[in-house]
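All residue numbers for the first sequence refer to numbering that gives the first Met the number 0, where the first residue is 0 and numbers rise by one.
If you are wondering where the hints come from, they were derived from the structure by calculation, not from laboratory data.
Note that the structure is predicted; figures quoted are calculated from it, not measured.
Treat the hints with caution; some may be incorrect.
[Unchecked claim] Cut-off 20 angstroms, straight-line C-alpha distance, at most; resulting in silico cross-link-like pairs (EDC-like, lysine to aspartate or glutamate):
| no. | residue 1 | residue 2 |
| --- | --- | --- |
| 1 | LYS226 | ASP243 |
| 2 | LYS175 | GLU185 |
| 3 | LYS175 | GLU129 |
| 4 | LYS175 | ASP148 |
| 5 | LYS175 | ASP12 |
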Amino acid sequence: MTAISSSPEAGPDAAGLHAPVLAWFEQNARDLPWRRPEAGAWGVMVSEFMLQQTPVSRVLPVYEQWLARWPRPADLAAEAPGEAVRAWGRLGYPRRALRLHGAAVAITERHGGDVPSDHAHLLALPGIGEYTAAAVASFAYGQRHAVLDTNVRRVFARAVTGVQYPPNATTAAERKLARALLPDDEERAARWAAASMELGALVCTARGEDCARCPIAESCAWRLAGKPAHDGPARRGQTYAGTDRQVRGRLLAVLRDAVTPVGQAALDAVWHDPVQRARALDGLVADGLVEPLDGGRYQLPAG
DNA sequence: GAGTCGTGGAA
DNA sequence: TTTCCAAGACT
0 MTAISSSPEA GPDAAGLHAP VLAWFEQNAR DLPWRRPEAG AWGVMVSEFM LQQTPVSRVL
60 PVYEQWLARW PRPADLAAEA PGEAVRAWGR LGYPRRALRL HGAAVAITER HGGDVPSDHA
120 HLLALPGIGE YTAAAVASFA YGQRHAVLDT NVRRVFARAV TGVQYPPNAT TAAERKLARA
180 LLPDDEERAA RWAAASMELG ALVCTARGED CARCPIAESC AWRLAGKPAH DGPARRGQTY
240 AGTDRQVRGR LLAVLRDAVT PVGQAALDAV WHDPVQRARA LDGLVADGLV EPLDGGRYQL
300 PAG
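Kindly produce the complete structure, drawing on both the sequences and the hints.
Printed below as a string of C-alpha cells:
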C-alpha cells in the first residue's frame with residue numbers, strides 16, 4: 000500500500016504531485032510538432048506510432064515528411080503499404096509502418112476517415128495497444144486516461160513507490176496507482192499525463208536522474224529513501240549483432256532503396272550465412288514486409 | 001509471460 | 001569499444 004491509498008480522506012493528489020509537476024511542465028515542455036494544435040488527432044497518432052521505442056530526435060524529420068505527404072488517414076490508406084515501409088526509413092521496427100498503414104485503412108473504412116476518439120475503437124486498430132490508445136485519447140482529444148509509458152512508470156516507481164526502476168512488465172498495481180493519481184478533472188488529467196511523461200523524459204531519466212531540476216524532489220520516495228539501487232533481476236540487454244533482426248534490417252534496407260524489384264543476388268550480398276539469410280527473408284515475407292515476385296525477385300508490398 | 005522485432009546516439 | 005536504451009505491440 001502506498002501513502003496515497005492508505006489515507007481514506009485523501010483525494011487522488013494526496014501526495015501533492017499535481018501542482019508542481021503541472022507548473023514545471025508549463026515552463027519546460029518541449030515544443031514538439033505533434034503538440035501543436037495544427038497536428039490534429041492524425042498527427043498525434045502518427046507521432047505515437049513513430050515514438051514506440053524510437054527517440055524523439057530521430058522521429059522529428061520523418062514525422063514532418065510523413066504528415067506533408069499524407070496529411071489525412073485517407074491519403075495514407077490510398078497508398079501501397081510498401082510506400083509506408085519505404086517512407087519509414089531507418090526508424091526501426093518497420094512493422095510499425097505496416098500497422099500504421101493498416102490503421103489508416105481501417106480508419107478510412109470504419110470511421111469515415113477521422114481518427115476515432117473512443118478508447119475501445121482506438122484499441123481495435125492495428126498497432127495500437129493499451130498505451131497508444133490512452134495516449135491518443137488523452138493528447139488528441141483531452142480525455143481522462145491513465146497513460147502508462149516507460150517514462151511515467153519510472154517516475155511513479157521513484158516518486159511514489161520508492162524504487163529505482165519499475166518492473167519489467169507493467170503490473171496491475173502500476174495501473175491501479177496510475178488511475179489513483181489521475182486528476183478528477185478531464186482537462187487537468189490530460190495535462191497531467193503529458194507532464195508526468197515529460198518529467199520522465201527530461202529529468203527523471205533511466206540514465207540518471209537530475210533531482211536538482213525536479214519539481215517533486217522534496218517528496219520523492221526514492222530520493223528520501225537514499226536512492227537504493229535496483230535489486231531485482233537485471234533487465235536483459237538485447238544483443239543485436241548476428242541476430243535475425245540485423246539480417247532483416249539489411250535485407251529491408253536494400254528493398255527500401257530500390258525503385259524496381261530486387262533480384263536474389265542483391266539480397267544474397269547482405270549476409271554470408273545462406274541459412275540465416277533465407278530464414279530472415281522468409282520472416283519478412285511472412286510479416287508482409289516483403290512481397291515475393293515471379294523469377295526470384297522481391298519488392299516492398301504493393302498491396 | 002517470455003521472446004521477438006531495428007536503429008543509432010550517448011555514456 | 002562496448003553497453004545501454006528510446007512515448008510498445010504482438011504472439
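Here is how each hint holds up against the structure:
1. LYS226 with ASP243: Violated, at about 39 angstroms.
2. LYS175 with GLU185: Answer holds: LYS175 to GLU185 is near 18 angstroms, not above 20 angstroms.
3. LYS175 with GLU129: holds (14 angstroms)
4. LYS175 with ASP148: holds (14 angstroms)
5. LYS175 with ASP12: Distance of about 14 angstroms is within 20 angstroms: holds.
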